[in-house]
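The whole structure should be built from the sequences, with the hints applied where relevant.
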Amino acid sequence: MYKSQTVSNPFWIMVGKEISDTVRSWKFLIMVGLVLLTCLGSLYTSLSDFTEAIKGASADEDFFFLKLFTHSDGSMPSYIVFVSFLGPLLGISMGFDSVNSEQNKGTLSRVLAQPIYRDYILNTKFTASLIVLSSLFLALSFLVLGFGLIFLGIPPTADEFLRIFIFSIVSIVYVAFWLNLSILFSVKFRQTATSALAGISIWLFFTIFYNIIVNLIAKGLAPVRFVSENQVVKFQGFIQNLMRFNPGQLFNDATTTLLRPSIRSLGPLTTEQTIGAIPNPLPLGQSLMLVWPQVTALIGGTILFFAIAYTLFMRREIRSR
Amino acid sequence: MDDSVIQLNNVTKKYGGFKAVNQLSLTINKGEIFGLLGPNGAGKSTTILMLMGLTEPSEGRVQVCGINSTTHPIEVKRKVGYLPEDVGFYDDWSGLDNLIYTARLNGLNPQDAKKKANDLMERVGLSTQKDKKTGKYSKGMRQRLGLADVLIKNPEVIILDEPTTGIDPKGVQELLSLIVELRNEHNITVLFSSHNLHQVQQVCDRVGIFVEGKLLAEGKIEELSKKLFTHGMYLIELGLDTDHKKVPDKEVLQSLLEPLDGIQSVKKEQEHFAIECSSDLSSGIAQAVMNADYKLNYLNKKEYGLDAIYNRYFEGGLSHV
Chain X
1 MYKSQTVSNP FWIMVGKEIS DTVRSWKFLI MVGLVLLTCL GSLYTSLSDF TEAIKGASAD
61 EDFFFLKLFT HSDGSMPSYI VFVSFLGPLL GISMGFDSVN SEQNKGTLSR VLAQPIYRDY
121 ILNTKFTASL IVLSSLFLAL SFLVLGFGLI FLGIPPTADE FLRIFIFSIV SIVYVAFWLN
181 LSILFSVKFR QTATSALAGI SIWLFFTIFY NIIVNLIAKG LAPVRFVSEN QVVKFQGFIQ
241 NLMRFNPGQL FNDATTTLLR PSIRSLGPLT TEQTIGAIPN PLPLGQSLML VWPQVTALIG
301 GTILFFAIAY TLFMRREIRS R
Chain D
1 MDDSVIQLNN VTKKYGGFKA VNQLSLTINK GEIFGLLGPN GAGKSTTILM LMGLTEPSEG
61 RVQVCGINST THPIEVKRKV GYLPEDVGFY DDWSGLDNLI YTARLNGLNP QDAKKKANDL
121 MERVGLSTQK DKKTGKYSKG MRQRLGLADV LIKNPEVIIL DEPTTGIDPK GVQELLSLIV
181 ELRNEHNITV LFSSHNLHQV QQVCDRVGIF VEGKLLAEGK IEELSKKLFT HGMYLIELGL
241 DTDHKKVPDK EVLQSLLEPL DGIQSVKKEQ EHFAIECSSD LSSGIAQAVM NADYKLNYLN
301 KKEYGLDAIY NRYFEGGLSH V
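Listed in order, the protein sequences are those of chains X and D. 1 is the number of the first residue of the first sequence in my numbering; add one for each residue after it. 1 is the number of the first residue of the second sequence in my numbering; add one for each residue after it.
Please keep in mind that the hints were generated in silico from the structure rather than gathered at the bench. A few of these clues could be false.
Simulated pairs of lysine to aspartate or glutamate, EDC-like, Cα-Cα distance not exceeding 20 angstroms [as the list claims (entries may be wrong)]:
{"#": "1", "chain 1": "D", "residue 1": "Lys301", "chain 2": "D", "residue 2": "Asp261"}
{"#": "2", "chain 1": "D", "residue 1": "Lys214", "chain 2": "D", "residue 2": "Glu59"}
{"#": "3", "chain 1": "X", "residue 1": "Lys105", "chain 2": "D", "residue 2": "Asp261"}
{"#": "4", "chain 1": "D", "residue 1": "Lys14", "chain 2": "X", "residue 2": "Glu317"}
{"#": "5", "chain 1": "D", "residue 1": "Lys136", "chain 2": "D", "residue 2": "Asp97"}
{"#": "6", "chain 1": "X", "residue 1": "Lys105", "chain 2": "D", "residue 2": "Asp293"}
{"#": "7", "chain 1": "X", "residue 1": "Lys17", "chain 2": "D", "residue 2": "Asp131"}
{"#": "8", "chain 1": "D", "residue 1": "Lys133", "chain 2": "X", "residue 2": "Glu317"}
Residues on chain X that point at chain D, a partial pick, calculated with CB under 7 angstroms [to be verified]:
{"#": "9", "residue": "Asp119"}
{"#": "10", "residue": "Lys188"}
{"#": "11", "residue": "Ala198"}
Just so it is clear, the structure is predicted and the values come from calculations on it, not from any experiment. Virtual Cβ for every residue (Gly too), placed ideally from N, Cα, C.
Structure, rendered in structure tokens:
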């Protein structure tokens, strides 16, 4: 009884339709193929000299399973680097034509002539993509875990498992951030090509140019050699905060902290602060505390873009084509 | 007044400084087929969008079935079927699936939706094509599918925005007779927008002529034609032999034709004169011209078709009211 009621709610009918459309679309299949390939590639590179990685010289090296995600033999980037690189592309590819293609096909006005709330269009698109993304990323992480289990022959600890799980959640949030940005563009721009390019150019700006710009600023503002330690720390903090406007940087901070338990701070630490510290891995709770601002910022950005898309869309006039 | 289904009270829609719809008041009664007749850009589609709550009026009130479309669009959409101009379907889906989707958005359960969709496909004559993808449908088939899509929610009102554009004459006939049949069977109110007078004349009980955001005239077809016919019913084109004698000026000809009763205007065109008259005066004109020693090259009598009247009406614009 309950089931039949939920199924007949237009919201979930639309979500179902969006999911089936997404997983059958070529662009999604291509992106998944790409992600799967890189996942396999990075898994291969991390396993090929895994014995090197787990000699037990540092605190991180007790976490074999986390190594699977972060280690690389140098021939190919590791899994997290790939995710931080391909995740945005995946998000953009799933969202860039979500609203404007419906408008161009003339289906938007037909669907909106049905007794459904207008925000269902945006909400269902986002929900459907999020469901697909979550399945994809959780599946990938668990696949890597499974392979690791076969190769290593030991089960992951609860701590490792939780870290990997949270890492997957953070990846989903990161991709959702880009997804919402591209949904916003798809509401804003009538042409799908324009919205795709807008999304990709922002992504390129942050992956390539933003670092260059911050470096330029850093060079210009760098204090002279003989200044107090305090000032150097302040300067470092300032540059880092600049870097944190880059969503990719936030993601990298968050994931490396989660997957490298020995990381104790994301900012500069003075020698005074580190004196007496035992080089021990942080417990999961502490690592989480460390990345909380990053994750919150990513979620905040996601919601912000969604809100803008929402206000743009809700009172717009829907012409047939 | 009691059975009025669509009510517009002093509705104005502005786009910046431009008034797309200007102080429109209109009432459509239950079971009526109302034709909204006007050239492109007259504000017909904007009016329809306001009826569906897909855009907001700048001033005035829009009510459908006693419900305010601007504040309660969902309730309106439950009762109103809207066929947009150039309707879009999900091209990768079969016609039947497109219908089922709409049915389910209207709250039908899967079994009922399928049954209803099949029935309607039969009804609009697409039962043999129901499993074909809509991307491969012809324009006429899409329009018929659109009508089925509108009917699947058992509407009280259907609004058709230029439903016949781009369909061949036979398809138009079928579509129009289907509309009349539906009205007769279910007492559905139909609002039919078009720029084609012949089609409107064929099916509509009442017509409103809409130009530049204003309703110029409204009423039964016969009444309207009477109103329109006050200004010239016949157009006589008079060609004179230029070799024989110099062609007279407009004024000269006008004075020549003075004695004839019913001449309304004389215009000189490039090679001939265009004479408008309220009755058939061709023989009298010929006589008068010959008497004045002009040689008649040709005399062409045109009875104003409805189209011509319609064109004239729009050329004259507001001055005719």
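A quick look at each hint next to the structure:
Between Lys301 of chain D and Asp261 of chain D, the direct Cα distance comes to roughly 17 angstroms. Compliance with the 20 angstroms bound is thereby established for this hinted pair. Using a Cα cut-off of 20 angstroms, the hinted pair Lys214 of chain D and Glu59 of chain D holds, with the two alpha carbons roughly 14 angstroms apart. Of the supplied pair hints, the one linking Lys105 of chain X and Asp261 of chain D is violated, its CA atoms being roughly 58 angstroms apart against a limit of 20 angstroms. With a C-alpha separation of about 12 angstroms, the suggested pairing of Lys14 of chain D with Glu317 of chain X holds against the 20 angstroms cut-off.
This hinted pair checks out: Lys136 of chain D and Asp97 of chain D have alpha carbons roughly 14 angstroms apart, not beyond 20 angstroms. As the CA atoms of Lys105 of chain X and Asp293 of chain D are separated by approximately 65 angstroms, the hinted pair breaks the 20 angstroms bound. A threshold of 20 angstroms between alpha carbons decides the hint, and for Lys17 of chain X with Asp131 of chain D the separation of about 18 angstroms falls inside it, so the pair holds. Taking the CA atoms of Lys133 of chain D and Glu317 of chain X, the gap is about 29 angstroms. The hint is violated against a cut of 20 angstroms.
Checking Asp119 of chain X against chain D by beta carbon gives a least distance of about 12 angstroms; that is not within 7 angstroms, so the hint is violated. With 7 angstroms as the threshold, the beta carbon of Lys188 of chain X stays out of range of chain D, its nearest partner Cβ sitting at about 18 angstroms, so the hint is violated. Evaluation of the Ala198 of chain X hint against chain D yields a violated restraint, the C-beta minimum of about 24 angstroms exceeding 7 angstroms.
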